[in-house]
Amino acid sequence: MIFSLILNYRKTLCSGLFFVVLVSFLFSESITSSHLAVLPIFEWMETTWFGVAGKTWGALFAVVQAGHLIGLGVLGGSVIASDGRLLGLFKGLPMRLVVDRCHSIFTWSLGLLVATGVFMACGVAIKIYYMPVYWYKMLALALGVLFVFFIRKPIVDRDLDKVSPWLLRLLALSSIMIWFTVAATGRWIGFS
Amino acid sequence: MNQLIYNAAVWLDNTEWSTRIHESYYLYNWIESTHVLTLMLSLGILFLIDMRMLGWAFADISANKLATRLNTPMLLGFVVMFVTGILLVYAVPVRSAQSVWFRIKIGLLIICAINALLFHRKMTASIGSWDFEPRAPKALRVGALISLITWSVIVICGRFIAYDWFDCNYPQSDLIRGIAGCIDGQTQF
Numbered sequence: 175m176i177f178s179l180i181l182n183y184r185k186t187l188c189s190g191l192f193f194v195v196l197v198s199f200l201f202s203e204s205i206t207s208s209h210l211a212v213l214p215i216f217e218w219m220e221t222t223w224f225g226v227a228g229k230t231w232g233a234l235f236a237v238v239q240a241g242h243l244i245g246l247g248v249l250g251g252s253v254i255a256s257d258g259r260l261l262g263l264f265k266g267l268p269m270r271l272v273v274d275r276c277h278s279i280f281t282w283s284l285g286l287l288v289a290t291g292v293f294m295a296c297g298v299a300i301k302i303y304y305m306p307v308y309w310y311k312m313l314a315l316a317l318g319v320l321f322v323f324f325i326r327k328p329i330v331d332r333d334l335d336k337v338s339p340w341l342l343r344l345l346a347l348s349s350i351m352i353w354f355t356v357a358a359t360g361r362w363i364g365f366s
Numbered sequence: 069m070n071q072l073i074y075n076a077a078v079w080l081d082n083t084e085w086s087t088r089i090h091e092s093y094y095l096y097n098w099i100e101s102t103h104v105l106t107l108m109l110s111l112g113i114l115f116l117i118d119m120r121m122l123g124w125a126f127a128d129i130s131a132n133k134l135a136t137r138l139n140t141p142m143l144l145g146f147v148v149m150f151v152t153g154i155l156l157v158y159a160v161p162v163r164s165a166q167s168v169w170f171r172i173k174i175g176l177l178i179i180c181a182i183n184a185l186l187f188h189r190k191m192t193a194s195i196g197s198w199d200f201e202p203r204a205p206k207a208l209r210v211g212a213l214i215s216l217i218t219w220s221v222i223v224i225c226g227r228f229i230a231y232d233w234f235d236c237n238y239p240q241s242d243l244i245r246g247i248a249g250c251i252d253g254q255t256q257f
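Residue numbers (this note's numbering), protein chains in the order written: chain A, 175 to 366; chain B, 69 to 257.
No lab work stands behind these hints: they were computed from the structure.
Below are the DMTMM-like pairs computed for lysine to aspartate or glutamate, each with C-alpha atoms no more than 25 Å apart in a straight line:
id: 1; chain 1: A; residue 1: K265; chain 2: B; residue 2: D199
id: 2; chain 1: A; residue 1: K336; chain 2: B; residue 2: D128
id: 3; chain 1: A; residue 1: K301; chain 2: B; residue 2: E100
id: 4; chain 1: A; residue 1: K301; chain 2: B; residue 2: D232
id: 5; chain 1: A; residue 1: K265; chain 2: B; residue 2: D128
id: 6; chain 1: B; residue 1: K133; chain 2: A; residue 2: D333
id: 7; chain 1: A; residue 1: K265; chain 2: B; residue 2: E201
id: 8; chain 1: B; residue 1: K133; chain 2: A; residue 2: D331
Simulated restraints, written as ranges between beta carbons of each label pair:
id: 9; chain 1: A; residue 1: L286; chain 2: B; residue 2: F257; range: 33 to 39 Å
id: 10; chain 1: B; residue 1: D199; chain 2: A; residue 2: L187; range: 39 to 45 Å
id: 11; chain 1: A; residue 1: G266; chain 2: B; residue 2: N82; range: 47 to 53 Å
id: 12; chain 1: A; residue 1: L286; chain 2: B; residue 2: D199; range: 28 to 34 Å
id: 13; chain 1: A; residue 1: L187; chain 2: B; residue 2: E84; range: 53 to 59 Å
Covered stretches of chain A, as calculated for chain B (at least 3 residues, CB under 8 Å):
id: 14; region: 228-237
id: 15; region: 246-260
id: 16; region: 266-274
All C-beta atoms, glycine included, are put in the ideal place defined by N, C-alpha and C.
In isolation and in its complexed conformation, chain B is listed as follows (with noise of 0.2 Å):
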């Protein structure tokens, strides 16, 4: 599987467009401050969200229609950051696909990929009965408060990525190697 992952980002590394932006000192960091940039239309406005259904602020509005109506724009915000975040990694694709905190952050991102859906489930099935109450249902709490720390922990690893403590292109244990899954006598990174 590592094989498999490290072929498809040589093969990508290769790429005109990969080495382009890789190498323009503008468009990468464009494309970079966009990513993180758009943290304020995405990540911010479900913190908003997230918030309400705990209870902690907007208790006295409606929590059916602020959901709804800052739907939009955060779901722009996190198309925008989706596109962002492949154009970056398409520009270093080797070292983002062995690097362990990327990987962390892939599988973090499909468990908040997961608990959005139930979320969006279980918000639907049970609006009418609680839309004006100060905090959400259990459920609905629990699914809040576990995209608030999972969020939060993206944004570190996402921070940690720019990092090379653990890059497989230093003496690493075996540990942080099977992780980051890096191939033994690799020619590229």
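The shape of chain A in the complex, shown without the other chains (with noise of 0.2 Å):
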């Protein structure tokens, strides 16, 4: 029965061992020494193209900024569509369809804001390396992109008439919590 359950939900388990692992080291003593470690990275982004770019052409840095935000735009309304869908509401669309097509723009809309994210890091890096909420944020988008790709897609993968609906209003709770928790860090780096 266990090893039957810990077969079925492997992906899941490693996901949630991995992010206590993960939690458990950021408030551990380690963390500092690691924190310290990690600082010749943030500097060497500084001295890249794109860090002297961000730096130097504040319309370049705006407009990726921009950028930014209609990927956020993009992932968010995949997010509510998606989630919506599983929480029950939009009803008369085809669930399997919504889910399915949603991911696709879900992971496009990911990847842009992994690249203009990564373009105005290295414009700001050593301005973000000594703020909390800037780790606050990697922490949620790390737990938002384990839940989604190890927790929430071998689930809804699955035949979905056959999957419990309270699951799936949990996994899309889940969903919509974890996001809006990744896009307020990322507001609120605006604003430190």
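Dock chain one against chain two, each of which comes alone in its own frame, and use the hints as you go.
Here you go:
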């Protein structure tokens, strides 16, 4: 019984375990030395072409920021449409198709967000290095990516009629909350 | 006209709540954050519908059903964006009224509103004939493309408002002063 449960949900369990290890590490003593160890990476980021361009051309930085916002909008739209459908909203739309098509859009918009996010981070690398909220955002993003690809996706890839509606609702609510947290911490960086 | 806009902005700026919002670190940031985060509800869903019309996504889902079902959260998002947007302008009225980017943004918002009305009318008139086609008829595709482009430029303009490159309190060319509506000898910015 326990063995079959572990076998069926191995990706979910591995992701959960990885996240627990990550959070334990972040709140442990060793985080200070690790934080200092990654400083040279952030110093190097500012010297890259992205870093120099981001600092030199304010208009380019602002356009990339706008691209990041558009990516956020599309990612949020796909999350709301897909998770809204799992929650039982938007009745009449085929759940299987909505969830699958939204996942493709989600993946593309996540790619856009990461690409524009890396550019922006290079431009203000040292500044964000010292911001606790930047690390909160990275933690939330890591949780979001793990959740989507290793917990949510394997479950919604099954025959949705055979998955408990309560599990689907729990997945949808968790997904909305996680991605809202990622977006809110990102916004928080803006006014820190 | 610019003098009238300036006088109205100065009047708004002198009201108690404009000062309160502007000077409250948390209130202003909460309003601004709500404005930005609502992009996920308004623009995100609008782009999904536009992509369906263009055949870039959801090609195997009924266009009419998708647009109808997603319409309510999208409109809710736009209402929140509109209200928070007005509050943001109300908090900083003089600078906003004389911002090149804000003026371009308002112009584009008017274009978007007209485009949305025309789009809705054409969609209602033609829906039965192509509902399950991968792509909408040409007129609707053009409308969706206009929507995608103009809203993207609106986001860029919105981001540019935060920068002071073309503010009236710096020396500007006649073209910029004309578009921004800078007033000679103005006392407030």
